[in-house]
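Chains as they are written, first to last, in the numbering used here: chain A, 41 to 334; chain B, 5 to 293.
Do not rely on the hints blindly, as some may be mistaken.
Unchecked claim - With a straight-line cut-off of 27 angstroms between C-alpha atoms, the simulated DSS-like cross-links for lysine-lysine are:
id, chain 1, residue 1, chain 2, residue 2
1, B, K190, B, K101
2, A, K232, B, K11
3, A, K292, A, K107
4, B, K101, A, K326
5, A, K258, B, K11
6, A, K100, A, K292
7, A, K258, A, K232
8, A, K326, B, K102
Hints were generated in silico from the structure; no laboratory data involved.
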Amino acid sequence: MMKFLKLKPSVGLLSIPYSLIFIFFFFIPLVLTFIISFWDYNEYSIIPDFIFENYSYIFKDCLNFQKDMCVTFKTYLSTFIFCFITWFFTLIIGFFVAYFLAFYVNSITWQIVLFLLCTIPFWTSNVIRMISWIPLLGRNGLVNDFLLSTGIVDAPQEWLLYSGFSIVLAFVHLYTLFMIVPIFNSMMRIDKSIIEAAYDNGANGLQILWNVIIPLCKPGIVIGSIFVITVVMGDFITIGIMGGQQIPSIGKIIYVEMSYLQLPAAAANAVILLALTLLIIWIMTKMIDIRKEL
Amino acid sequence: MLNKKNKTYYFCVFFFCLFVLFLYGPTFTIVLLSFQGPDGGLTFPLNGVSTYWFEELWRGGSVVDIGSAFKRSIILGVIVMVLTVLLSVSAGLAFRKKFWGSDTIFFATVASLIVPSIVLSLGVALQFRLLDDFTKWLGSTFDINYINEFFQTTLGMFTSGLGAQLTWTLPFGLLIMFAVFNRFDKSYEEAARDLGATPWKTFKEVVFPLIAPSIIGIALFGFTLSYDELARSSQVMGAGNTLPLELKGLTTTVTTPVIYALGTVTTFVSFSVIGISIACYIWLKRKKG
Chain A
41 MMKFLKLKPS VGLLSIPYSL IFIFFFFIPL VLTFIISFWD YNEYSIIPDF IFENYSYIFK
101 DCLNFQKDMC VTFKTYLSTF IFCFITWFFT LIIGFFVAYF LAFYVNSITW QIVLFLLCTI
161 PFWTSNVIRM ISWIPLLGRN GLVNDFLLST GIVDAPQEWL LYSGFSIVLA FVHLYTLFMI
221 VPIFNSMMRI DKSIIEAAYD NGANGLQILW NVIIPLCKPG IVIGSIFVIT VVMGDFITIG
281 IMGGQQIPSI GKIIYVEMSY LQLPAAAANA VILLALTLLI IWIMTKMIDI RKEL
Chain B
5 MLNKKNKTYY FCVFFFCLFV LFLYGPTFTI VLLSFQGPDG GLTFPLNGVS TYWFEELWRG
65 GSVVDIGSAF KRSIILGVIV MVLTVLLSVS AGLAFRKKFW GSDTIFFATV ASLIVPSIVL
125 SLGVALQFRL LDDFTKWLGS TFDINYINEF FQTTLGMFTS GLGAQLTWTL PFGLLIMFAV
185 FNRFDKSYEE AARDLGATPW KTFKEVVFPL IAPSIIGIAL FGFTLSYDEL ARSSQVMGAG
245 NTLPLELKGL TTTVTTPVIY ALGTVTTFVS FSVIGISIAC YIWLKRKKG
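So that you can see chain A by itself, here it is in the shape it has in the complex (with noise of 0.2 angstroms):
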């Protein structure tokens, strides 16, 4: 006890500060939307209840097996194809960047530099990044101008802005850094002397690639894949401008119900998704401890 005393300013209050934002703009905050998940509502405002209607209302339908899919499960199937294109094309193209980066840049002063230059676009606006893909892929835009001189096509083509394929260019394009930065983080980290002592043995570039580098990066995929698959899940925005406000999403579902203050139906939303997003975390937090990354 004594010892403990003599301890005392401890360096550990130091975190009061950071801790304080965390429990009033977080932990209260979620906790408040899973209580307010259960209440009643009327056109004006919330009241207090514990009742499941909201939950029983996003599946509604959704176990008659007759009539087609129910709109939540359509909206979650969507996501969840969302998720994994982009997943699949941020994977491939932040791992070969990372690569690039990690092993073929000798310099350091010049890994930096492309290293920045891959993180200056994080740091300025989204919705920007957004539209400026209108002048490239819209009906009179620079590819179908390309497409139609070329005598390709013979119509200017609509897939290209406002629809599922802009969404997954805009995520890939707006979140291929999330998985830039983890994987390189993990190629940096490995011994070199591993690479050079398989080539030793006759391990050729692909062999390597797969049977060393790859699995030496696991932790870096998986955090990368875990921030990349939630910001997808809970999108609403990127969806929205670039689907042209045609195409659901679970987060829009969410800020529609808000927009008309269905506050406890967004609440129950809310909780699914988060539920969701936590459990597709936990399966891959089981393959890497996170702390030991930084």
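Got chain A sorted already, so can you dock chain B onto it with the hints?
Chain B alone, transformed into the frame defined by chain A:
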């Protein structure tokens, strides 16, 4: 071995160049198109070169009050930046030793990065709504005149908006601090302590100069992420919108290059901030020798 300039090397260089073109190409196009002539549209070709759309933006012509949204965004960005630096550096110092609750805070930090932004935005909005209801109830129950007459909402840019943005910027700050202290040579500090320096003096004279370049990095994250933040603040800004929120609204209503002009301006602001930060970083590194 790997650095031999073989076919794979050239393939990787080519791939990287394509990626950079993919990253910057579209932004470059809208910068170009923002200099459209007065008759120009949203796509190529350029109908002459002019600064017409910038003037239009300046006049506020077809667009909502962009000037004040811009000012709000800058002010909020600076506040978020200062708080992010102060809070994450102090928390980073605390985290060098394990303390009661450190695992929970670490968990919250990582969780905050991956929680869907709309969920967090909803949560904060709900919290402030309940706070409003509670305040009004206080006012009517205890007959507090000030509340009954003047109180409208606790929701606002510097309350809920600020908090929601901090849950996005602080994790980056703390993770940078982790990375810094994981590679930190403790012997300088120990030397200072052995020579009789107080903890504060050790921090000021030894630790701070060593971590100063990284603090620039945290500040950069704090400002730029706040300045461009959209999803988390979308439900909690109250009456005054920030620039990204206005921009999002404009994407559906504006059909002239004025939106590109606005894009060019905000991208210019972001690039200036990034440039200044990088310059400061290099300067501090050099100074340290």
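Hints, verified against the model:
1. B:K190 x B:K101: holds, 13 angstroms
2. A:K232 x B:K11: holds, 21 angstroms
3. A:K292 x A:K107: holds, 24 angstroms
4. B:K101 x A:K326: The hint holds at about 26 angstroms.
5. A:K258 x B:K11: This hinted pair holds, its Cα atoms lying about 26 angstroms apart.
6. A:K100 x A:K292: holds, 19 angstroms
7. A:K258 x A:K232: holds, 17 angstroms
8. A:K326 x B:K102: Answer holds: A:K326 to B:K102 is near 23 angstroms, not above 27 angstroms.
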